[in-house]
Amino acid sequence: MVLSDDARAINTQHLGFTMSPHEECGVEEAVRLIEANQGESVVVTLGPPEAVEQLRDAMALGIDRAIHLHSDGREWDGESTAAALLEAIRADEEAHGHFDLIFFGNESADSAGYQVGIRIAYALGRPCVTGLKKVTLEGASVRCEQEVEDGRDVYVVPLPAVLTVKEGLNLPRYPSVPGRMRARTKPVHVIAPTRPEPRLELVRLALPAGAGRRAESLGSGPAAAPAVVEVLVKAGVL
Amino acid sequence: MSVLLLDEGNDVSRQALTLARRFGEPRSVPIDAVQPFAPDALAAALATAADELDATAVVAAGTERGNEVMARLAARSGLPFAANCVAVELGNPLTLTRLRWGGSLLEEARMHTALPLLTVAPHALPVDQGPAPQPVNVKRPEERELAVHVVEHIQPSHGGVSLADAKVIVSGGRGVGSKEGFAIIEELASLLGAAVGCSRAVTSAGWRPHSDQVGQTGTKVSPEVYIACGISGATQHTAGLKGAKRIVAINSDPQAPLMLNADYTVTGDLKEIVPAISAEIRRARAGRTS
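One line per chain: the protein sequences are A and B, in this order. For the first sequence, this note's numbering gives the first residue as 1, with consecutive numbering after it. For the second sequence, this note's numbering gives the first residue as 239, with consecutive numbering after it.
FYI, nobody ran anything at the bench for these hints, they're computed from the structure. Take these hints with a grain of salt, some might be off.
To be verified - Listed next, the in silico DSSO-like pairs over lysine-lysine satisfying Cα-Cα at most 27 Å (straight line):
no., chain 1, residue 1, chain 2, residue 2
1, B, LYS417, A, LYS134
2, B, LYS377, B, LYS483
3, B, LYS458, A, LYS186
4, B, LYS377, B, LYS509
5, B, LYS377, B, LYS480
6, B, LYS509, B, LYS405
7, A, LYS133, B, LYS509
8, A, LYS234, B, LYS480
9, A, LYS234, B, LYS377
10, B, LYS483, B, LYS509
11, A, LYS186, B, LYS405
12, B, LYS417, B, LYS377
13, B, LYS377, A, LYS133
14, B, LYS417, A, LYS234
15, A, LYS186, B, LYS509
16, B, LYS458, B, LYS377
17, A, LYS234, B, LYS483
18, B, LYS458, B, LYS417
19, B, LYS405, B, LYS377
20, B, LYS458, A, LYS134
21, B, LYS417, B, LYS405
Stated by the list, open to error - Beyond 12 Å from chain A on every Cβ pair, some chain B residues (computed):
no., residue
22, MET308
23, ARG310
24, ALA370
25, GLN372
26, THR457
27, PRO461
28, THR473
29, LYS480
30, THR503
Computed from a predicted model, the values in this text were never measured in an experiment. The beta-carbon is built from N, C-alpha and C at its ideal position, and this holds for glycine as well.
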């Protein structure tokens, strides 16, 4: 990882962007639920104008339309991200009716604040279950399996509900070529929210010290096998 | 001055206690104060206790449970919340350091609040040896706070060695080439009594189940030896290896990130090297018994 000059972001000049793994599973789950039960699915994100590519990716998997909250490129903390998304969700529900389920990633891959979905659930007054590896609709309720250290805990909550999910919930499909074509013409509603002063204010980023190990070469090809076995013996595992 | 701790009774909670003492005399809400687990009721209990004690901060372990309950407390109280902190500097605003990108990056932040809500990242601080905090009395939760509660527990169904507890892990990446290609990985793992792991590229391709995935969004592991075969070593993967004592990387590309960050490397075709290691182990064992 290389940081930007002001150390407030990662230098992304040579990086590509993708949806985070947890969120991608949320998108896939929404598409499957609509395929099985009919209705409409919507994807929403807060991000720079380029993030429209990830919205198109979600629509290529089968999501019907998108809402894009343009950020100004600066860091938004969990609280202000949740507030902006909440306002957009409320406005959409007023115009199109309420969502039975709202999916979030359990935590974002980058800032990992663990809070956006939960804040929105509280503001909407809806039950929220987190860290899910399996979601099953049971009439007007949803059965949720949460990953815990020694197995899974099960919750059953009534709809409408807010669920935060983890990678492994499903295996997201690859977008088809026709899916990609259709995604180009699906609607993206753009909103430009105002960023409040963050109460968790990013000052700077830093790379942890001593993260790199010094690698010792054991050689190349099958001839290195005895040296590998020696390492296993020294480590006491053989 | 009192500080409130959500206590899970584990090592991470004791690390959280180390940080909590910076804010005052610790008092605690045990996580099993509400049973079965009901996170909204626990958040309500923390809010009530923080109010009654006039607490200077609320601190919890940076576990899934800890982060979840603290986020609910933040949501109901309308306060900022910082997950997975590794250091704090008292003051107004509070200055803190927290983990991003699964620990691959540190964030220094200022928190503008009268009541800081924090969780402490695992392995970040020494385990607290001081006196245990005195628990507060938790009242019977209100019905609406129990709407979300655990109704059933499912035991893990895995046979074999679990990734999280394995002493040795043999792990394969994109370089393994196919689902069938894992036969040589499984063979070496069974010789070592090891668990089989894999990278995200492998689960995305459908070669292995997600339960085998090591990394930021898979399982975080802490074996004595981690043998990475054909894994380039994206930060997504190495975020799960912070607890590994020794990493052996086998890759045809000597410049792959994991080849630069491993303890030992073997350059070349894993399809030749991995069976050669298995054969060498068999030979060594035969030599020992003859």
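Going down the list of hints, with the structure as the test:
1. LYS417/B to LYS134/A: It holds: about 24 Å lies between the C-alpha atoms, which stays within 27 Å.
2. LYS377/B to LYS483/B: violated (45 Å)
3. LYS458/B to LYS186/A: Violated, because 39 Å separates the two Cα atoms, which is more than 27 Å.
4. LYS377/B to LYS509/B: Since the Cα atoms of LYS377/B and LYS509/B sit roughly 61 Å apart, the hinted pair is violated (cutoff 27 Å).
5. LYS377/B to LYS480/B: It is violated: about 40 Å lies between the C-alpha atoms, which goes past 27 Å.
6. LYS509/B to LYS405/B: holds (24 Å)
7. LYS133/A to LYS509/B: violated (33 Å)
8. LYS234/A to LYS480/B: holds (21 Å)
9. LYS234/A to LYS377/B: violated (55 Å)
10. LYS483/B to LYS509/B: holds (25 Å)
11. LYS186/A to LYS405/B: violated (50 Å)
12. LYS417/B to LYS377/B: violated (54 Å)
13. LYS377/B to LYS133/A: violated (32 Å)
14. LYS417/B to LYS234/A: Outside the cut-off at roughly 32 Å; violated.
15. LYS186/A to LYS509/B: violated (45 Å)
16. LYS458/B to LYS377/B: Between LYS458/B and LYS377/B the Cα gap is close to 36 Å, so the pair fails against 27 Å, i.e. violated.
17. LYS234/A to LYS483/B: Holds, at roughly 12 Å.
18. LYS458/B to LYS417/B: Given pair LYS458/B, LYS417/B holds - Cα atoms ~23 Å apart, limit 27 Å.
19. LYS405/B to LYS377/B: The hint is violated at about 43 Å.
20. LYS458/B to LYS134/A: With a Cα-Cα distance of about 20 Å, the restraint between LYS458/B and LYS134/A holds, given a limit of 27 Å.
21. LYS417/B to LYS405/B: At roughly 24 Å apart (the allowed maximum being 27 Å), LYS405/B and LYS417/B satisfy the hint.
22. MET308: violated (8 Å)
23. ARG310: Not fine: 6 Å to the nearest Cβ puts ARG310/B too close to chain A.
24. ALA370: holds (22 Å)
25. GLN372: For GLN372/B, whose nearest Cβ neighbour in chain A is about 27 Å away, the distance exceeds 12 Å, so it holds.
26. THR457: Label violated. Min Cβ-Cβ 10 Å, cutoff 12 Å.
27. PRO461: Incorrect as stated: the minimum Cβ-Cβ distance to chain A is 8 Å, not above 12 Å.
28. THR473: Nearest chain A Cβ is 7 Å from THR473/B, so the label is violated.
29. LYS480: At roughly 9 Å from the nearest Cβ of chain A, LYS480/B sits no farther out than 12 Å, so the non-interface label is violated.
30. THR503: Violated, because the least Cβ-Cβ distance between THR503/B and chain A comes to about 5 Å, which does not exceed 12 Å.
The structure fails hints 2, 3, 4, 5, 7, 9, 11, 12, 13, 14, 15, 16, 19, 22, 23, 26, 27, 28, 29, 30 (numbered hints given earlier, in ascending order).
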